[in-house]
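2 protein chains.
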Amino acid sequence: MVRRIKLTIAYLGTPYHGWQRQPAQRTIQGEIEDAVAAVTGGLGVAVTGAGRTDAGVHARGQVAHLDLPDSFPPEALPRALNARLPETIRIMAAVPAPPRFHARFSARGKRYAYRVGWGPVPLPWRALRTARMPEPADRDALERCLQALVGRHDMASFSVPDPAQGPTVKTIFAARASWGRTTLQVDFFGSGFLRYQVRRMAGALLEVGAGERSAADFMRLIEIPTPGAPLPTAPARGLTLERVFYRLPPLAAMSRASS
Amino acid sequence: MVRRIKLTIAYLGTPYHGWQRQPAQRTIQGEIEDAVAAVTGGLGVAVTGAGRTDAGVHARGQVAHLDLPDSFPPEALPRALNARLPETIRIMAAVPAPPRFHARFSARGKRYAYRVGWGPVPLPWRALRTARMPEPADRDALERCLQALVGRHDMASFSVPDPAQGPTVKTIFAARASWGRTTLQVDFFGSGFLRYQVRRMAGALLEVGAGERSAADFMRLIEIPTPGAPLPTAPARGLTLERVFYRLPPLAAMSRASS
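Chains U and P, in that order, are what the protein sequence lines are.
Taking the numbering used here, the leading residue of the first sequence gets 1, the next gets one more, and so forth.
Taking the numbering used here, the leading residue of the second sequence gets 1001, the next gets one more, and so forth.
Pulled out of the complex, with its shape left as it was, chain U reads as follows:
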């Protein structure tokens, strides 16, 4: 008998060419599928992720599913897989899931965090997950534009033209900026996100913060959906997939900033 298993996965994206398996490139999916093959004595099992994070993007709570013969108890998987995986990828948990559970199609929401730092020189271990930017001068404008993203909108302006993309209307349930002395973390909690959407939202917000884009211009990006609108894509290293939701929590969950 086969059993579906739900994995929760954390990774430091720095050394990888993103989630999705590619020939002759180190990817997170590739490393995990190879580890599963080693642990199962060569079963070629697919590991399906909730989302395909891009090269250099990190995850604290990526979710994936796979099917294994029920001779492999899920509770033994984290230790067995972690022993074979590079230290930059960790299986945080493995639990049995209903046969109809699908990491991607069952997902109801995701939370991403985008981290920015300024100040003279970043500490090396912070730099791994933080984009360097000048300090945002106009915090009010940045926060106003951030809150304008909340709700149900056509987000095409924050993606790039892609015929295979599907519907571009998405809901952002909540968004929040948490300011430190030399850091800013922006959390986006939404129904789902288009490719590059979070990094392009972050890029546009940081332009507003820097005074390089007016708040009115930012609002037009939402009001007039324009695929491939001229926007900077904020660097991958600042982005972390924090969590995938299969049941939507009270919005209060957003107020717990993570680090």
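Heads up, a few of these hints could be off.
[Said to hold, decoys possible] Computed footprint of chain P on chain U; a stretch qualifies when at least three of its residues, placed anywhere within it, have a C-beta under 8 angstroms from a C-beta of chain P: (1) 6-18; (2) 87-95.
[Unchecked claim] Not everything, but these chain P residues come out facing chain U in the computed CB check (under 7 angstroms): (3) ALA1010; (4) LEU1012; (5) PRO1078; (6) THR1088; (7) MET1092; (8) VAL1095; (9) VAL1121; (10) PRO1124; (11) TRP1125; (12) ARG1126.
Keep in mind that the hints were calculated from the coordinates and are not lab data.
All residues carry an ideal CB built from backbone N, CA and C; glycine is no exception.
Fit chain P to the known structure of chain U by using the hints.
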């Protein structure tokens, strides 16, 4: 004219064979000396560190000095060197120093932090600077032994036999354990430390916390100095050289736990 320059350096020790330059190994000193040579058009300048951290040990505030012709302004050095250094090594600051300043011999104190974590699986970015251990069951005994280290003692038991070692009497000004839900950070602020001393103190303290060594036995390590006493050396990844002091601060500085 030549000018002495004081560098403050942070590094993630994971990929390096320690501070000290070695043939055919990547070391922090080697990488910095190579970057200085590149920046100065080939001057073979020595970079002298306050302490030789071992392979895998990190630093938030290592200090080093070097001498450069005064045509190289110190304030330009961080940017120039950081552009050539790997991202895991950052020059945090460069300032002019008196000609008699010596990073090692002028140092009056150092603060090291040893970080431990337990719980199911560590997040990959925390794992880089945290040793995995079972949760210490006897926190009181661990804290009692930690405080017994404070003061002036012959620390030979916490080092290994080494004829070139010099005096083994050292002063620990203050020590402190900071407990998180699944983490422990132990800070040691002292006049100076013998080779492996911090990792062997941490190893012995964690044995006491685990109930594998009695507090009385720990106290005997202090009372009866025994070079090479049978002690575990806690893993390098948990150790960070937090700061080097050239003037001793009020002990209150210890109460600011860093992370």
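Verification of the hints:
1. As drawn, the stretch 6-18 of chain U meets chain P at 3 residues by the rule of a beta-carbon pair under 8 angstroms; at three or more, the given contact holds.
2. For the stretch 87-95 of chain U, the assignment as covered by chain P holds, since 7 residues bring a beta-carbon within under 8 angstroms of that chain's beta-carbons and 3 suffice.
3. Residue-level restraint check for ALA1010/P holds (minimum Cβ-Cβ distance to chain U is 5 angstroms; threshold 7 angstroms).
4. For LEU1012/P, the suggested interface contact is upheld, since its CB lies about 4 angstroms from the closest CB of chain U, less than 7 angstroms.
5. The interface hint given for PRO1078/P is met, as the beta carbon of that residue sits about 6 angstroms from the closest beta carbon of chain U, less than 7 angstroms.
6. Checking THR1088/P against chain U: minimum C-beta separation of about 5 angstroms stays under 7 angstroms; hint holds.
7. The criterion of a C-beta within 7 angstroms of any C-beta in chain U is met by MET1092/P, whose closest approach is roughly 5 angstroms, and the hint holds.
8. Below 7 angstroms, beta-carbon pairs count as interface contacts, and VAL1095/P has none with chain U, the closest being about 12 angstroms; its hint is therefore violated.
9. At about 5 angstroms, the closest approach between the beta carbon of VAL1121/P and any beta carbon in chain U falls short of 7 angstroms, and the interface hint on this residue holds.
10. Here the hint on PRO1124/P is kept, as its CB sits about 4 angstroms from the closest CB of chain U, short of 7 angstroms.
11. Taking 7 angstroms as the C-beta contact cut-off toward chain U, the hint placing TRP1125/P at the interface holds, the least distance being around 5 angstroms.
12. Nearest Cβ of chain U to the Cβ of ARG1126/P: about 9 angstroms, over the 7 angstroms cut. The hint is violated.
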